[in-house]
Structure formats: structure tokens, C-alpha cells
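Please work from the sequences and hints to get the whole structure.
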Amino acid sequence: MPSEPLHRLTLSEAADLLHRREVSSVDLTRAAFARIAEVEGSIHAFLTLTEDLALEQAREADARIGRGEATPLTGVPGAIKDVICTKGVRTTCGSRILEPYVPPYDAAVITLLKEAGLVMVGKTNMDEFAMGSSGENSAYGPTRNPWALDRVPGGSSSGSAAAVAAGMAHYALGSDTGGSIRQPAALCGVVGFKPTYGRVSRYGLVAFASSLDQIGPLTRSVRDAALVFEAISGYDARDSTSAPLETPRIADSLKVDLRGLRVGVPQEFFVEGMVDSVRSSVEAAIQQMEALGAEVDWEVSLPSTAHALAVYYIIAPSEASANLARYDGVKYGFSYHEGESMWENMEKTRQHGFGDEVKRRIMLGTYALSAGYYDAYYLKAQKVRTLIRREFDAAFQTHDILVTPVSPTPAFHLGAKLDDPLQMYLSDICTIPVNIAGLPGISLPCGMMEAPDGTRLPIGVQILARPFDEASLFRAAYAYEQATDWHHQFPPL
Amino acid sequence: MTTTAAVRYETVIGIEVHAQLLTLSKMFCACPVPSLDSPPNSHVCPVCLGMPGVLPVINKHAVELTIMTGLAVNCDIPPEAKFDRKNYHYPDLMKGYQISQYDLPLCKDGRLEIEVDGQTKRVGITRVHLEEDTAKSMHVAAPTGESYSLIDVNRSGLPLMEIVSEPDIRSAEEARAYLQKLRQVLRYIGASRANMDEGNMRCEPNVSIRPLGSEPFGQKVELKNINSFKHAYDAIKYEVARQTQVIESGGRVAQETRGWREDLGQSVSQRSKEYANDYRYFPEPDLPTLTISREWVEEIRTRMPELADAKERRFQDQYGLSAYDAAVLAETRARADFFEASVALGGNDNPARAKSAANWINGEFARLLNADNADIEDSKVTPELLSELLDLLDAGTISGKTAKDVFEQVYRAGISPKRAVQESGLIQITSADEVSFAVEKVIQEHAKPVEDYRRGKEEAIKFLVGQVMRETKGRARPDIVIQVLKEKLNGSP
Chain P
1 MPSEPLHRLT LSEAADLLHR REVSSVDLTR AAFARIAEVE GSIHAFLTLT
51 EDLALEQARE ADARIGRGEA TPLTGVPGAI KDVICTKGVR TTCGSRILEP
101 YVPPYDAAVI TLLKEAGLVM VGKTNMDEFA MGSSGENSAY GPTRNPWALD
151 RVPGGSSSGS AAAVAAGMAH YALGSDTGGS IRQPAALCGV VGFKPTYGRV
201 SRYGLVAFAS SLDQIGPLTR SVRDAALVFE AISGYDARDS TSAPLETPRI
251 ADSLKVDLRG LRVGVPQEFF VEGMVDSVRS SVEAAIQQME ALGAEVDWEV
301 SLPSTAHALA VYYIIAPSEA SANLARYDGV KYGFSYHEGE SMWENMEKTR
351 QHGFGDEVKR RIMLGTYALS AGYYDAYYLK AQKVRTLIRR EFDAAFQTHD
401 ILVTPVSPTP AFHLGAKLDD PLQMYLSDIC TIPVNIAGLP GISLPCGMME
451 APDGTRLPIG VQILARPFDE ASLFRAAYAY EQATDWHHQF PPL
Chain H
1001 MTTTAAVRYE TVIGIEVHAQ LLTLSKMFCA CPVPSLDSPP NSHVCPVCLG
1051 MPGVLPVINK HAVELTIMTG LAVNCDIPPE AKFDRKNYHY PDLMKGYQIS
1101 QYDLPLCKDG RLEIEVDGQT KRVGITRVHL EEDTAKSMHV AAPTGESYSL
1151 IDVNRSGLPL MEIVSEPDIR SAEEARAYLQ KLRQVLRYIG ASRANMDEGN
1201 MRCEPNVSIR PLGSEPFGQK VELKNINSFK HAYDAIKYEV ARQTQVIESG
1251 GRVAQETRGW REDLGQSVSQ RSKEYANDYR YFPEPDLPTL TISREWVEEI
1301 RTRMPELADA KERRFQDQYG LSAYDAAVLA ETRARADFFE ASVALGGNDN
1351 PARAKSAANW INGEFARLLN ADNADIEDSK VTPELLSELL DLLDAGTISG
1401 KTAKDVFEQV YRAGISPKRA VQESGLIQIT SADEVSFAVE KVIQEHAKPV
1451 EDYRRGKEEA IKFLVGQVMR ETKGRARPDI VIQVLKEKLN GSP
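Top line first, the protein sequences correspond to chains P and H.
Residue numbers for the first sequence follow the numbering used here, beginning at 1 and rising by one.
Residue numbers for the second sequence follow the numbering used here, beginning at 1001 and rising by one.
Among the hints, a few may not be true.
With a straight-line cut-off of 30 Å between C-alpha atoms, the simulated DSS-like cross-links for lysine-lysine are [as the list claims (entries may be wrong)]:
hint : chain 1 : residue 1 : chain 2 : residue 2
1    : H       : K1237     : H       : K1181
2    : P       : K383      : H       : K1082
3    : H       : K1136     : P       : K359
4    : H       : K1136     : P       : K87
5    : H       : K1473     : H       : K1488
6    : H       : K1136     : P       : K331
7    : H       : K1060     : P       : K331
8    : P       : K331      : H       : K1224
9    : P       : K380      : H       : K1108
10   : H       : K1082     : P       : K359
11   : H       : K1473     : H       : K1404
12   : P       : K383      : H       : K1108
13   : H       : K1473     : H       : K1355
14   : P       : K380      : H       : K1082
15   : P       : K348      : H       : K1136
Which stretches of chain H does chain P cover? Using the computed rule of at least three CB atoms under 8 Å from a CB of chain P, they are [said to hold, decoys possible]:
hint : segment
16   : 1046 to 1052
17   : 1055 to 1065
18   : 1091 to 1100
19   : 1213 to 1219
Think of the hints as simulated: they come from the structure by calculation, not from any bench.
We treat Cβ as the ideally placed atom computed from N, Cα and C, and that holds for glycine.
Dropping the structure here:
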């Protein structure tokens, strides 16, 4: 047995031990649930725990490992964001309106993970319908940051990030529409990766904004993120936006050498109001890459990204206003029955079933699409979206990767931005342009800062690459990670 | 009382037709298409139920049938088409939006030629687009008096083609001719069953009137709940009379939707269109823009069968048929195919065979089918069987009268004409000797007409021929009967 507690292992380390039969999947699963019993009460990372299922899957995994048919993920406990459909396991999307909803089918990524030997410990907490940057929009109460229980873990994949950071799962799946994987990863000190739009099938991912949503992993190492990415990506005929491309093999070819890699640093991402430690940590990370042999251009400019936030808050709510129209209490989920008429019941179902932020975005989107406003809002936003894409394309003509901050601040206090949606929206200013352009982006730990009360808070750096060039992104992320030890930090729980 | 010169009004009609396409599976999922008697909710899946997380996948066959329809009504097929979301709430709309086509339909700017009272007229086709059908609501009352709405999701997601005409139609007669012509085209190319009473072809005429010679359109009224050509005709007649009366009594026609009530013989107002719905159309982000290559369009064109108008002309040219016969044969593709197959079996360069096949198909065969309200494609009579019958007739093996009896046996039982003839001993008596016996019997039993004939009343022979035919059960050849009769009557007394 290893000297470290099992729950602290990375996915790769756990897989190695399983492979060498030093531990069993059942051991790892029991350790995960022991850790959950220990800390979940103060974190609230999960909406549903599936211990019986996990142990059953663990026994199957052990049998499979015994037959020598294991993949790197076989038998390693993972957690799934509650926006991803799991057959027979309640999927709430953090919303009251889907409180009783049990999907009749598995999302494409779940099917793939099951084939790879999934052990699912549970479904993780999240901002309702993935709308939020703090986890506080969950209808089931907020998740707390494992580094500071009075602070947010970020969002919307709040439970996935916190579960991985606190050692309750070796990896987790999240979804990222405007930063919902990368921002909580940064605030919780873990790795979060959003693949290129079209890499991972969205079939079974409950839609927030269809043209922006993408599923990705949250892990404790870059290699782990690559392993999960390899397992869940690939063409799926059920998702017409899925790219008909081969899944790249990345994890086995990671090297600690950045010679010749052309790194760009877009100035617009170092926004006004950014916390100094964030800026200095990210700059230090870039200098580290330079030391590893990368050629750094500090003067890249992407002027249109200044409009990305505005574009996002038109396109995402517009799509959401249609995507969320199906929740009317007629077919599944919460249903209000006390009304005088069918129409009243449908209205009241939505009135009581949705939280404030969801309603706010449905109204924003409905407004932006309305007759007389469509051209001024939705159509114009699409045009600016094209401009943003082109600027990224141009930057990638001469650079292999771009490096930026993930979030202007580290984890903030619970409630600090709850009454100010605009301030909350600004949390995603560095991550949103990436979804707008459909690029792959990874967030990984690059520093710690000390809050006035002495709490140590993680800081993340973001690496972006050309569409479908995840290989360059992982190359930079891995080399940087191996040269530093930020990923070895563990929250004092 | 004063009389004023009556204002004459012109009727202006545009028609929207919805036709369910003849595909094997639904528009955006793999569910098989239900039949008319499928139990409710037996042909459903997460996609057509609008479950959270599902995605649409385009049915290629439906796209091809729509393009073929567009080609058949002389439309342009633009190189790009896209799907859009049409947003509205209704319990039978599973996703809260309908996937339809807004500004880039598959087909546009076509025309259809109709004929009314011998006059040919062109009706413009604005566009042909593809969309999905909704589920079906049924309102039922429980024995306790409570009323329920039930939803059958079988229909949800069926491929629906919408064909929108220009406001070129000027009368109920033209409207009926347009609908009949359109149905013929749809059936010819196999795009739809196009049965209005089964609901797989539905039409909504927009009717307005304006003073003859005036340019601007009057206020239009949309007519719904039309389940047959007769309903369409009656509803338009009623609507024109109603609008005329409203205007002449100094009123203003309200923009509204009116439902036709066949039982009342009138339409009733369903809803006012004063506050037009804002459907907030926007591009469907789950589906890519469709690129329609010219090669694909041409490939579809090569698969398009010869249409009725072309067949009608060819039947006259190639087989020397009358305009009437050609038109009746070409009315349905099944009838035309039956005809050509029957002719081919008798040797294609046989004009007499073409004429006799046409006579049989449009005569006796049509009479029997009409009596049974049956279609030629469902009949037990095959081109082979008809051809065999025509061979027997040509060879003089059976008489025309016998042939009718034989044909009816073939029609009822699907047996071979040769067998029918042999089994019933209906082979024609061709020798004078065999006829002689019957002739002599008739002469002996009918002294009065024999006397009349001999006194120069030539007409009297007809009665005697009839009696001989009766005596021989129709097996005698009339020309031989007459010949023998004349010999006997003119000979010895």
C-alpha cells in the first residue's frame, strides 16, 4: 500500500496501483466514500451519492483488471456533474424543476466512461442549469471551497471542482459554456479542461447554450485530464455538431520540453481590476514556460475580446430561452397542479421550478430574440462572434498557444457577488472568449495567494490552442506542471 | 329604397399545405413512423419526447423528398439551407420549440400549373420547407365529468413538408384544382400519402377579397380544420360570401383564424390574429447549415419519376390514346404504371392492345374499383392477368361479354383468366355447327319475331340474337350467330 492516503492519489497514480494489483477498485471506492463521509458535510459537493452502484461498478472493474482488460480509467472513482444524464440515476441540473427527474438513457460520455470502467461515486452540485460562476445558484444550496469554507468554489461545475480538490473523487466531469470548468478549477486549485467545441459529444448533456456547451474533465494533474479527455472524446453520430475526427492520443506522448513552442500573451485578458497576485502568478508561469524553451510574445492583441462578455450574454441566454422551454411540468420533473387551468399550471411550474438567475437569463434571451430586437442583439452578437474567432485565428497564425489568467480574482466569499449579477458575470471575462471561438482551453494551478485573514487561495493559469490542437495545449500544460509543484498542494481539510 | 351599382369583388387565396413525408423514420430521431392504428405513445424515444439532453439528427431521406418535391413544382434549390427554432409554448410541443426553416428553406420560387374549365393557370409556389410535426392533444371527459387533455407523442417529430403558395388563386374551384394537382404530384413522386382524411395532408387557405381591379390585398382570414377537398371548397365559398357580406354591410373583415365546421356548414372564429405571435425564430444551434451540392440535386432529379402531365402527353403520342383516356390513365402513377405494364406484355408496338388495355382499365376495372372504393395498386388484378385476358379476347377464345364475367372473377379471386375460362366452360363457340342447335331452338320457340323478320322487319333479328346468346350462355360469337340466324331464316320457312 502507498504511504499517501488513497483519496489523495491522482487518477494516474491510482490506475498504476490498480494495474500492479496493489490496491483494488473496491479499496479506492471505499476510501473515496470514507473521505466523503469525512468532508462532504462541510463541502456539499454532491447532490446524489451512489455508493451501492459505485461498489458494484468497482467489483466489476476489479474483475476486469483481473482479466487484464483494464483501461487507465477502469476502477478509479469519478464524479459526474449533475447536468449529464445518467440512466436510472437522478439528474437535477441543480434545479428544483428537475428534482424528481431520472433519465431513461445515458449521455454519450457516460456510455464511453462505462465502457472504460467507470466507478461513479455520485452526481455533483452545480449552479442551476450551469448558469453561474460561484455555485450559489444551485437550488440545493451552495458548495463550499475546500481551501476556505466561507468562500465559493467557482461555478458552475462547483461540486466537480470541490470534489476533486477535496479528494472525494480522483476525477470529475464538468461542463463549460463560458468557463464553468476552468474557473472553478482555478478557484479550487485543480486542473480543468474544456475541449474544442465538437470534440466531445453533447448527447445527454442537458443543454444550456448549445453552440457553446462542451463537456470536459476536472482532475488533479494534466496527464489525468488528458486520460479522461481521450476516454470521452470522439465522433458521435447522435450529435450533429460533433467533429468527425479521430480522438488524439495525448497522455502517452507528454514531454517536458517547450523548445520551439510559440507562446502569445494577449494583453486584453489582463483586465482592469485584476488582483495583483493573479497577474504576477500568471506572468511568472509564462516566464517559467520561457525558461523551458518557449518563445514568448508578450504583445499579442485581441481587441474584439473586449466584447466577448456582451456577445456571450446575448447568445447564451437566447439559446437557453429555447433550451429551457421544455420544462413545463407536462412531461417530467416538477409539476404544479393547483392551478385553475393547464396554462396556469405550466406557468406556475416554471415560476416555482426555476431560480432567479435562470429566469433572468430566459428573459434576457427572450428579449434578445424578439421581433424588432433580433437584428440589434442576436444578429449583431453573431457578427461580433465571427470577429472574435477571426482574431484568434490570426493570433494562431503566429503562435501555437496563448496563455492568459483564468479569473480576475481567486475564490471570493459566499454571498459577495450574489446581489450584483454584473460583478458575477465578470468572473468569466477571461474564459468566455474561448467558448465564443470554440477553442480548447485548460486551467491549471500556477500559484497561491494569501487572503487578509491568512487563508491560502489557489490561482490558475489558462492555456489556449487552435481548434482541435489539444496536443499543443497539453504539451505546454504538462511541461509547466512538471516544472512546478503547485499541483501537489492539498487543501487543509 | 335606392339601388347602387353593386361592387364586384375579386377573391384572393394563398394556401399553405402541410404534407407528412413518406419516410421510414422520424425527422430527427430513429423512431419508426407509426401507422394510423398504432397505440398511443408506442413510437417514441427520448429525442421525440424532448427529454433533457437530447439532440436532433437530420433525416436525409426527408431532405431528399423535399428537394424532389421542390423540383417537381419547378422550385429553385438554393445551395444552402438551414433549420431554425420556432418558439412557442404548447403542451403538444415537446421541446417548447419546433425545428422548422425560416429564412433559408430547401426550395423556393416554384410554380404549379392547374387546369380549371379548360383554362390552364400558373400558381406560384413561394417556398417548400421541412419541419417536424407536433404531438397530438386529445381532450376527453371522464365519467365523473372532469375533463382531461391527453397527449399522443407518436406524431411528434414526424417529418412535415410545408408548401406555401403565392396569393395567385382566385376561386374555390382553383383552390380545389391546386390541392388536387399538388396531391397528385406528392403521390407521384412518393413524397407523401397525401390523404387529407388521414391527416397526412393538411391545408390552410388564406382568403381575402378586394374590389375588382384594386391593387392592395384585403384583410386575410386563415381557414383551418379542413379535412377534404370538399371542405376546402365549401369553406372558401362560405368565407368569400361572409367577407362580402361583412364589407357590404359597412363592416371591416377582422384578421383572424376561422375553423371550418362541416356539421354547421360554416366557419367559426378560433382566435384573433390582432396580436400576432412572435415566434422568435433563430438558427438551430444543434444542426449544421445544410450544403446542397448541385450534384446532389441532379442525382435526386434523375430519381424523379415522370410526372402526370408528361405522361399524359406521352400516352397520346406513343399509344395514340385519346386525350381523355390518357388523362384518366395518368391520374395516378399506379394506374399509369399498370397500363404500361399491360401494354408491354402484349408487345409494345401494338396500338390496338394499348387501346384495349386503356378501355379495360378506365372502364370495367375502374367500375369495379369504384364500387369497392379500392385503389388499383391494392387490386388482385395484375398487368399479367389483364394481359392474359386481352390475349384470350384477341384470339377469339372468349367473347367480349364472357370477358367481362371472367374479368370480374379475376378481380374477385385473383385467378388466371385462362383457368377461369376453362373451369366454367366459357370458351367461345366459334363453329357454326355448334351454334345451329341453339338457333333452331330459338326459331321454334319465338314464332312472332321470326314472322316479323321474315316480313321485312330487320330489327327483329336483334331479339333473336339475344335469345341465342342466352341459350349459349354468352359463349357464342355474335357475328357467327347472326350469320347462322340469317341463313336459317332466309332459307326454309
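Hinted pair K380(P) and K1108(H), Cα distance within 30 Å: Cα-Cα ~27 Å, so holds.
Take the segment 1055 to 1065 of chain H, compare each residue's beta carbon with every beta carbon of chain P, and decide whether three or more fall closer than 8 Å. holds (count 4)
Compare the distance between the alpha carbons of K348(P) and K1136(H) with 30 Å, and conclude whether the hinted pair is satisfied. Measuring from Cα to Cα gives roughly 23 Å; hence the hint holds.
For the segment 1046 to 1052 of chain H, do at least 3 residues have a Cβ located nearer than 8 Å to some Cβ of chain P? holds (count 5)
Check whether the Cα positions of K380(P) and K1082(H) lie no farther apart than 30 Å. The given pair, whose Cα atoms are some 19 Å apart, holds under the 30 Å limit.
What's the verdict on K383(P) and K1082(H), does the C-alpha distance respect the 30 Å limit or exceed it? holds, 17 Å
For the pair supplied as a hint, K1060(H) and K331(P), confirm whether the alpha-carbon distance does not exceed 30 Å. holds, 29 Å
Under the criterion that the straight-line Cα-Cα distance not exceed 30 Å, is the pair K1136(H), K331(P) satisfied? holds, 14 Å
Checking one constraint from the list: CA of K1473(H) to CA of K1404(H), max 30 Å. Satisfied? It holds: about 13 Å lies between the C-alpha atoms, which stays within 30 Å.
Proposed proximity, K1224(H) with K331(P) (alpha carbon, max 30 Å): The hint holds at about 28 Å.
Is the hinted pair K383(P) and K1108(H) satisfied, with a Cα-Cα distance of at most 30 Å? Distance ~26 Å between K383(P) and K1108(H) Cα, so the pair holds.
For the pair supplied as a hint, K1473(H) and K1488(H), confirm whether the alpha-carbon distance does not exceed 30 Å. With Cα atoms ~21 Å apart, K1473(H) and K1488(H) stay inside 30 Å; holds.
In this structure, only the earlier hint numbered 19 is contradicted, and the remaining ones agree with it.
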